[in-house]
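S.K.: On the provided structure of chain A, position chain B with the ligands as indicated by the hints.
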Amino acid sequence: MSEIASDIALARTEGAIRRPAFLPAPASVAAAAAWIGLSALVALPPDLGDFGFTRELAIGFAGLGALVLAAGFLRPGEAGPVRRIQGWSPWLIVLAGLLGLWEVATAKRGWLPMPFFPPPQSIVEVFVEDYARLADSVWHSLRLLAGGYALGALAGFTLGVAIGWSRGVGYWVHPVLRFVGPLPATAWLPLAFFVFPSSGAASTFLVALATGFPVTVLTWSGIAGVNKAYYDVARTLGAREDFLILKVAIPAALPHVFVGLFMGLGSSFAVLVVAEMLGVKAGLGWYLQWAQGWAAYANMYAALAVMALACSGLITLLFRVRDRLLSWQKGLVQW
Amino acid sequence: MVAGLTAPSQTPASAVPAPIPAGNPAPASGAALSLRDVRHAFALKKAPLPVLDGVSFDVEPGAFVALLGPSGCGKSTLLRLVAGLEPPNEGRISVDGAPLRGPHPSRGLVFQDPTLYPWRSVIGNVAVGPEARGRLRAERGRVEEALALVGLSGFADAFPHQLSGGMAQRVALARALVNAPPLLLLDEPLGKLDSLTRLTMQAELVRLWQDKGFTALLVTHDVEEALMLAQRILVFSDRPARIRADIPCDRPYPRHREDPGVVADRRAILDLLGTA
Ligand SMILES: Nc1ncnc2c1ncn2[C@@H]1O[C@H](COP(=O)(O)OP(=O)(O)OP(=O)(O)O)[C@@H](O)[C@H]1O
Ligand SMILES: [Mg+2]
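Residue numbers (our numbering), protein chains in the order written: chain A, 38 to 372; chain B, 65 to 340.
A hint or two may mislead.
Claimed, not checked - In the DSSO-like style, the derived pairs of lysine-lysine whose C-alpha atoms are separated by at most 27 angstroms in a straight line are:
hint, chain 1, residue 1, chain 2, residue 2
1, A, Lys265, B, Lys110
2, A, Lys265, A, Lys284
3, B, Lys256, A, Lys265
4, B, Lys256, B, Lys276
5, B, Lys109, A, Lys265
Said to hold, decoys possible - Which residues of chain B face chain A? A partial, calculated answer using Cβ under 10 angstroms:
hint, residue
6, Gly148
7, Pro151
8, Gly172
9, Trp183
10, Ser185
11, Pro194
12, Arg303
In case anyone wonders, no lab produced these hints; they're calculated from the structure. The beta-carbon is built from N, C-alpha and C at its ideal position, and this holds for glycine as well.
Bound-form chain A, shown alone (with noise of 0.2 angstroms):
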């Protein structure tokens, strides 16, 4: 979460220090409300149909109303990560108020189609009976994504440096780079599946394609734009080649180096979907796959959002990684 937006968070519950010792923060409580209301909604009308996990469904929802409320109570300084729930609490509003829409569209009154849009219940059924299927699916997804993401952006990142540092480097990568980098990974796909001995294989190769390409076309572009002054100055002070490319060159590169590795993340990404979808056979994409393919359409939407979940904690990850690394860097774009 982001530094400013948590300190908004705690600078607007700064305001509720004032309120008497015993009393909660009054947006915790209406939050909390919010959320016991939706857990009520989930309990007391009757299903249309024979819904599993409706009971713990409710349970789930008022369980969190109470932790809501608990947190309501802390004051600065204690249990930070848990006071900070305060500070979310419109959009904890917000968030029952669109799942207790979801529940009466599908559950309780049936606006919406039914195989196609499962009511919430039926989500949580996947997770508890799917779990294993589930996790297998993010590790085999995981696993093809870590190997091709770092041999793409190892390979990138030392090509962009070779291409930026060398005139010779750059007279016969940058023609190649120029015609086949723009080329979508997935155009590869065909020929990589038979090309190589494994479908696990490919997948890397096109995964590591994908990355590769704005990897080393920013770090290139890094490398470039580096302030020809920082290497007057390190070669008056007795700097030789190596120290001007590993003290100079390449920190100076950094940050264009980052954006290349978000962009290479952001496109290994749907090139993993698509090749486990096509060849793998596991993994979250071919789980999608596989639940279309049954009609079961709770299956998809919990492994969309096992997805939506992983690839947004993989990028929070490499921000904060960034924000390690560049810490001497102003204004840096907060996640």
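M.R.: For chain B with the ligands alone, kept in the frame of chain A given last:
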């Protein structure tokens, strides 16, 4: 030559003490510098832009020489050539009798812009020299000493974007000093300082120079600064630069701004620059 410029200085008894310490330069451990008919031009799209037009001068080991000249005349270019960052188109530059072959840590250059590395802390910036020469471990003490010399020990872990312009320039000075170069090239190192810090830093520069005995070549826009610091002042013409006047300036230190000799010299040099 301009008359009156070399008048012996008398220190008026009533003079406000300038913050420049007494004492004579240390026995020369500085480098000797010699330029012979140096010419340089930049290749622009239409025609070459001549910047230096036959510049010749010699600097004795341990001397403090100021370079004055109109903006854009080629002073920074001259320092870059002496630092060895570029070879001159024509002419010879030699240090201690040996012709230049590229940059060397024995010739420190303080750039007109501080050009600190934004990804390194202040201490990391000062440590670039020892690190680049692979002697960081042995010279750690010198890095801290150089930082203390410019009064920034308290900012060792700050990053450049957290510094004021003047502080950044002091870090750049420390970075050049840490290599203990026998020849120090200074390109308006005090240009961005407020007038008070500037006076202190001028005194500090003289003290350093007296202490270490390096040869100093100082580019400045400030005639008074040249008169307070240098033993000799070279005045350059408009671009392409050639030497218009070579003015000895051998008053003892500390010098005083109100010294009639200094005041007269200042007026004479300003006249000279005005008609450049
Ligand atoms: N790399 C370059 N390429 C082309 N022209 C240049 C280059 N560097 C300097 N010049 C030109 O050479 C001339 C002298 O520049 P220089 O920086 O040496 O001036 P200067 O005397 O230091 O001026 P100032 O006192 O304003 O710093 C200027 O006209 C400038 O435009
Ligand atoms: Mg200049």
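S.K.: Decide, hint by hint, whether the structure agrees.
M.R.: So, going through the hints one by one against the coordinates:
no. : hint                : verdict
1   : A/Lys265 / B/Lys110 : holds (24 angstroms)
2   : A/Lys265 / A/Lys284 : holds (14 angstroms)
3   : B/Lys256 / A/Lys265 : holds (22 angstroms)
4   : B/Lys256 / B/Lys276 : holds (25 angstroms)
5   : B/Lys109 / A/Lys265 : holds (20 angstroms)
6   : Gly148              : holds (8 angstroms)
7   : Pro151              : violated (13 angstroms)
8   : Gly172              : holds (7 angstroms)
9   : Trp183              : holds (5 angstroms)
10  : Ser185              : holds (8 angstroms)
11  : Pro194              : holds (9 angstroms)
12  : Arg303              : violated (21 angstroms)
Hint violations for this structure: numbers 7 and 12, all remaining hints satisfied.
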